[in-house]
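Peer 1: The lines below spell out each chain.
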Amino acid sequence: MVERFARLAVKRWTGFVVGAIAILVVALILARVVGNEYFFFAGYVVLQFIVLATAWNILGGYAGYVNFGSGAFFAAGAYTAVALIKGFAAPLPVQLVAAAAVTGLMGFAIGAMTLRLRGIFFSIATVAIAVICETVVLNWGFVGGARGATVLQPSTPVFFASYTRMLFVMMALLAVLAVALARFVETSWIGRGLRAIRDNEEAAESVGVPTLKLKLFAATVSGALMGIAGAPFPLYMNFIEPTSAFSLNYAVSALAMPIIGGTASWAGPVIGALLLGSVQQIVTVTLSSELNVLVLGLLLVAFVIAAPEGILGLARRLSGKGGAK
Amino acid sequence: MSFELLGEAILAGVLLGCFYAAVSVGLSVAFGLLDVPQIAHPAFLVLGAYGAYFLGSFGVDPLLAGVLLTPVFFLAGLAVYRFYHAAFESRGTDAGLRGLALFFGIAFIVEVVLILSFGVDQRMVEAAYIGKSVALGVVRIPMRMLVAFLVALVLITGLSLYLSGTFTGRAIKAVAQDQTALALMGADPVRIKQWAFGIATGTCALAGALLIIVAPVEPGLGRLYIGRTFCVAVLAGLGSMPGTLVAGIILGIAESVVLTSLGASWAPAVAFGLLLLVLAVRPAGLFGQR
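The listed protein sequences correspond, in order, to chains A and B.
First residue of the first sequence? That's 1 in our numbering, and the numbers climb one at a time after it.
First residue of the second sequence? That's 1 in our numbering, and the numbers climb one at a time after it.
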């Protein structure tokens with residue numbers, strides 16, 4: 001019996017790992033063969049949204065704590081990188097680790113807030129943190145304040161034709177790692193505990209689920225991943241300023257993508273990010289960027305009302321299996 | 001900071017605070033009394049401000065525009081509640097995550113529609129009382145703050161009298177306390193809540209007009225007011241009208257003092273800081289029993 005389960009588990013992960021490696025190989029090949037530079041510029045954004053949406057879903061989808069401040073975590077990651085570049089000319093891997101540490105701490109802090117705040121109060125507190133972060137950055141001259149700061153891309157590493165291509169492949173790696181982490185959380189006892197918290201926190205606590213530990217873990221991981229999504233942003237843009245870094249678009253996307261894709265499973269945020277991220281890129285180029293965010297908002301409202309389980313739920317209903325997981 | 005400067009800051013804070021109470025009073029009803037996660041309230045305020053701006057371009061006084069738009073906002077409120085009720089409350093599902101996402105989405109749509117139709121530039125209105133100021137002893141007070149102060153007092157007093165004096169008003173308070181008991185008394189809780197949500201949204205028209213009288217508006221302003229309105233509504237102790245006024249004044253004074261001592265760029269963080277403090281120390285608010 002146990003052996004069978006173990007074999008099942010291995011089987012469940014082999015498929016995923018093979019797929020993940022295949023995606024990375026494809027990303028590497030694309031970086032060599034595709035000529036159009038814009039492809040990588042747009043692809044990077046879609047991959048970045050996969051990380052952001054997956055990160056949001058770990059706390060929002062599994063545990064039911066809605067974070068409206070994702071933009072602040074993203075920007076905190078980006079500004080940590082800027083501070084390190086300005087201060088020590090630190091290399092990209094150091095920036096990533098530092099950004100994860102800073103926003104992981106921020107995540108831990110909002111996890112601690114869940115002790116007293118639930119539902120809408122928690123969500124508003126995350127908005128509060130976002131605005132306070134933005135105010136601090138606006139008043140912090142070292143990273144450029146309200147005027148912003150220019151960041152120079154270091155020399156392009158071997159193998160890659162441009163720095164953006166390298167960032168594209170790196171973001172693909174980060175996205176795969178983030179999704180693998182979310183999948184691990186979801187399929188392990190941690191995920192079961194988080195779902196119990198989402199459904200009924202008191203009941204979960206009373207049957208011995210370590211609710212506080214799990215919430216702190218989920219909030220920290222979620223925060224750290226959002227920071228990682230933001231850390232390469234200054235190098236990608238060559239420039240950073242508070243208004244675009246703290247853009248509401250990140251906060252809405254981070255929440256809309258999982259909800260539209262389906263919050264129950266790791267695949268939901270990925271589907272949502274791939275779909276909406278690509279649509280956004282196309283609409284922004286062909287129509288306008290305001291229209292693109294309007295589409296995002298309308299889709300969010302439509303899905304919340306009509307398809308609460310997201311695209312995954314719709315697919316399950318269509319395939320006739322029915323019923324929630 | 002000199003004593004005189006402090007006095008001036010406090011006076012300005014009281015005026016500002018009454019204005020904050022006026023913009024938050026609808027949220028006190030919708031969120032405080034009805035328990036609807038109305039994050040789109042500040043977006044409706046900004047919409048009201050743009051309504052006053054739009055009518056202002058035809059020469060309509062902003063305050064009159066606010067009054068004229070109130071029935072429109074009231075009807076919109078009825079519709080939004082109907083929608084919300086049909087989608088969540090009547091199904092008996094936990095609206096938690098999805099209810100929040102719905103109102104967040106609505107707020108976002110309002111902001112983007114405003115950007116698409118009016119652009120991102122700041123907009124302001126013309127009126128006889130904007131730009132002038134009156135002398136009160138040694139202190140000069142801008143007329144527009146005084147107007148906002150007076151209208152805010154009228155709005156809050158009116159709403160307070162309505163809630164405690166009329167049958168429907170008391171039914172609204174009752175539905176907040178015990179919905180089942182109200183149903184047993186023969187009133188339909190859903191209709192009462194819909195009516196109350198309409199009123200809450202209706203206040204956004206006049207309060208929005210105050211918003212554009214006090215300062216120029218831009219579509220993204222709603223985000224700042226999420227902090228201010230929720231700070232006031234929570235500090236008031238969900239649903240209390242006198243509490244809303246007191247909480248507004250507390251926030252107004254705090255912001256005004258920070259403004260004169262630290263500078264304008266720190267003022268936006270005050271409301272959110274105060275909100276976090278209240279949530280951490282006394283989530284029931286000043287006048288709350290819960």
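Hints may contain errors.
Restraint-style ranges between C-beta atoms, simulated for each label pair [to be verified]: (1) B/Gly-220 <-> A/Tyr-38: 27 to 35 Å; (2) B/Leu-224 <-> A/Thr-156: 17 to 25 Å; (3) B/Ser-265 <-> A/Lys-86: 14 to 22 Å; (4) A/Leu-177 <-> B/Gly-131: 53 to 61 Å.
Far from chain B, by Cβ distances over 12 Å, these chain A residues were calculated [what the hints assert, rightly or not]: (5) Gly-145; (6) Phe-239; (7) Gln-281.
From the structure, some residues in chain A lie toward chain B, with a derived Cβ separation under 10 Å [as the list claims (entries may be wrong)]: (8) Val-17; (9) Gly-19; (10) Ala-22; (11) Leu-24; (12) Val-25; (13) Leu-28; (14) Gly-119; (15) Ile-120; (16) Ile-124; (17) Val-252; (18) Glu-290; (19) Leu-298; (20) Leu-300.
Hints in this document: simulated from the structure, not taken from any laboratory.
By construction, the Cβ of each residue, glycine as well, lies at the ideal position given by its N, Cα and C atoms.
Peer 1: Could you run down the list of hints and mark each one as holding or not?
Peer 2: Here's how the hints hold up against the structure:
{"no.": "1", "hint": "B/Gly-220 <-> A/Tyr-38: 27 to 35 Å", "verdict": "holds (29 Å)"}
{"no.": "2", "hint": "B/Leu-224 <-> A/Thr-156: 17 to 25 Å", "verdict": "violated (41 Å)"}
{"no.": "3", "hint": "B/Ser-265 <-> A/Lys-86: 14 to 22 Å", "verdict": "holds (21 Å)"}
{"no.": "4", "hint": "A/Leu-177 <-> B/Gly-131: 53 to 61 Å", "verdict": "holds (58 Å)"}
{"no.": "5", "hint": "Gly-145", "verdict": "violated (9 Å)"}
{"no.": "6", "hint": "Phe-239", "verdict": "holds (19 Å)"}
{"no.": "7", "hint": "Gln-281", "verdict": "holds (18 Å)"}
{"no.": "8", "hint": "Val-17", "verdict": "violated (31 Å)"}
{"no.": "9", "hint": "Gly-19", "verdict": "violated (29 Å)"}
{"no.": "10", "hint": "Ala-22", "verdict": "violated (33 Å)"}
{"no.": "11", "hint": "Leu-24", "verdict": "violated (33 Å)"}
{"no.": "12", "hint": "Val-25", "verdict": "violated (36 Å)"}
{"no.": "13", "hint": "Leu-28", "verdict": "violated (37 Å)"}
{"no.": "14", "hint": "Gly-119", "verdict": "holds (6 Å)"}
{"no.": "15", "hint": "Ile-120", "verdict": "holds (4 Å)"}
{"no.": "16", "hint": "Ile-124", "verdict": "holds (5 Å)"}
{"no.": "17", "hint": "Val-252", "verdict": "holds (5 Å)"}
{"no.": "18", "hint": "Glu-290", "verdict": "holds (5 Å)"}
{"no.": "19", "hint": "Leu-298", "verdict": "holds (6 Å)"}
{"no.": "20", "hint": "Leu-300", "verdict": "holds (4 Å)"}
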